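Use these hints to put chain B with the ligands onto chain A, whose structure you have.
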Amino acid sequence: MIEVRDIHKSYGPVEVIRGISFDVEPGEVVCIIGPSGSGKSTILRCLNGLETYQKGEIRIDGQRVDPEDKSIKAIRQRVSMVFQRFNLFPHRTAIENVMEGPVYVKGMSRAEAREMAAGYLKKVGLEDKMESYPGNLSGGQQQRVAIARALAMQPEAILFDEPTSALDPELVGDVLSVMRQVAEEGMTMVVVTHEMGFAREVADRVLFLEGGVIVEQGSAEEVLRNPQEPRTQSFLKRVLNPLI
Amino acid sequence: MSEALSRAADYLPVLMEGVWVTIAVTVLSLLVSTVLGLFWAILGWTKVRAFQMISRTFITVIRGIPIIVQLFYIYFVMPDIGINLTAFQAGVIGMGIAYSAYQAENFRAGIEAIDRGQIEAAQSIGMSDNLIMRRVILPQAFRIALPPYGNTMIMMLKDSSLVSTITVAELTRQGQLIASSTFDNMTVFTLVALMYLVMALPLTYLARQLEKRYKNA
Ligand SMILES: Nc1ncnc2c1ncn2[C@@H]1O[C@H](COP(=O)(O)OP(=O)(O)OP(=O)(O)O)[C@@H](O)[C@H]1O
Ligand SMILES: [Mg+2]
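Chains A and B, in that order, are what the protein sequence lines are. Residue 183 in the working numbering is what sits at position 183 of the first sequence, and the numbering runs on without skipping anything. Residue 290 in the working numbering is what sits at position 46 of the second sequence, and the numbering runs on without skipping anything.
For the record, the hints were derived by calculation from the structure and aren't laboratory data. Predicted, not measured: the structure shown is a model, and the values here were computed from it. Even glycine gets a Cβ: it sits at the ideal position worked out from N, Cα and C. All the given hints hold, so there is nothing to weed out.
Chain A is faced by these chain B residues, among others (derived, beta-carbon under 8 angstroms):
id : residue
1  : 365
2  : 372
3  : 383
Lysine-lysine pairs mimicking DSS-like chemistry, simulated, CA-CA at most 27 angstroms apart:
id : chain 1 : residue 1 : chain 2 : residue 2
4  : A       : 122       : A       : 106
5  : A       : 123       : A       : 106
6  : A       : 70        : A       : 106
7  : A       : 73        : A       : 106
8  : A       : 55        : B       : 291
9  : A       : 55        : A       : 73
10 : B       : 291       : A       : 106
11 : A       : 73        : B       : 291
12 : B       : 291       : A       : 70
13 : B       : 456       : B       : 402
Chain A on its own, in the form it takes in the complex:
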């Protein structure tokens, strides 16, 4: 459902994405791993038009992703995003955050949207925090609201950009278990993450990025347990044994 073909992107003279291609099938969970600055966020953001690219083509269900075109709004309704820093709307309560898209973008009635939003908040374990403002929630709770907000758009795919990197270690588990549940229900997901345990357990496929190219890709088993490329091997050695 997501086709990425030979994407190139530069900031000024610096080419940060240097020809990336991959596909994501419906229901698939793809994890993107790689060192800092390798272009993981950039390629992810290209997928729903938050970032422009100079060369190549991205298609969602056959439709071209063009950040400059009006069609991008329709595409974004089908491909939601969860951000590292949550980006909840601070002036609205948890449930209002979740209702915002269904009511104002999709034109759903408030009553219907409220009921649906309550359902999603319950699903992420926050039925008792519906009327809280983001400022009064922990990072882990905020991120779960953000996941509910993404789910409430009833998208075909959700993109996650390091959803647990801004969290205290003890809050990471709650967010990952919600993501695991969403994956099990068949959601198509592209997840940039440093959580190798999650990738190993949930990912159908893992892409290892470095220097703006995919150095290695394959099943989680292949890439994480038995990497072929020396660069993948040394990266994994560093993240799995950070103390050595």
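This is chain B with the ligands only, laid out in the frame that chain A set:
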């Protein structure tokens, strides 16, 4: 002393008429400047180069010209090109335009203070620029812009005295008229000063409350 008081009592009805005009000028020009200021700020925020230029040019020009000169221009020059305004209308429009530049700067600061991630989150659920402005940026920008807005109201109240120069019969002008016919400058201008102060006090209080309420929001 009691003589001064009785004279003050004589002046009071006329000065009170001025007070109402002052309040009318302040409130109306506050409205005009808010709407216009918001317009300039949003124009500057759009991605359209030409709009940004128009907004920036207007603000620069308005901020570079004394308010009195702007008032003279609207009241005395506009009739030459066929636009006749009463002194009151010219005063409100002039003050409104002059202050819209400051309001725009204030709103712009509020809009710019909003985290880029907010806009991206809104985009990622498919919101149009219009919706993002209305549902995400403006509500947050207002909170940021409110404390300075309180101060702007106080400044506008005081600066509304400038419209006396184009014959609007507000408080300062009424004071001048009485003083020039009675030569009782001391009583008249003490009264005028006190009346401004009384009008400013609730606004000062309001501004402080706004600051307290939204400072660490
Ligand atoms: N707005 C920008 N302007 C200029 N350079 C940028 C910009 N955004 C990102 N870059 C550069 O592009 C490269 C890729 O950045 P990107 O954020 O995609 O990396 P990443 O793999 O997500 O890293 P991290 O793990 O630190 O989040 C980096 O070298 C970064 O410095
Ligand atoms: Mg990143």
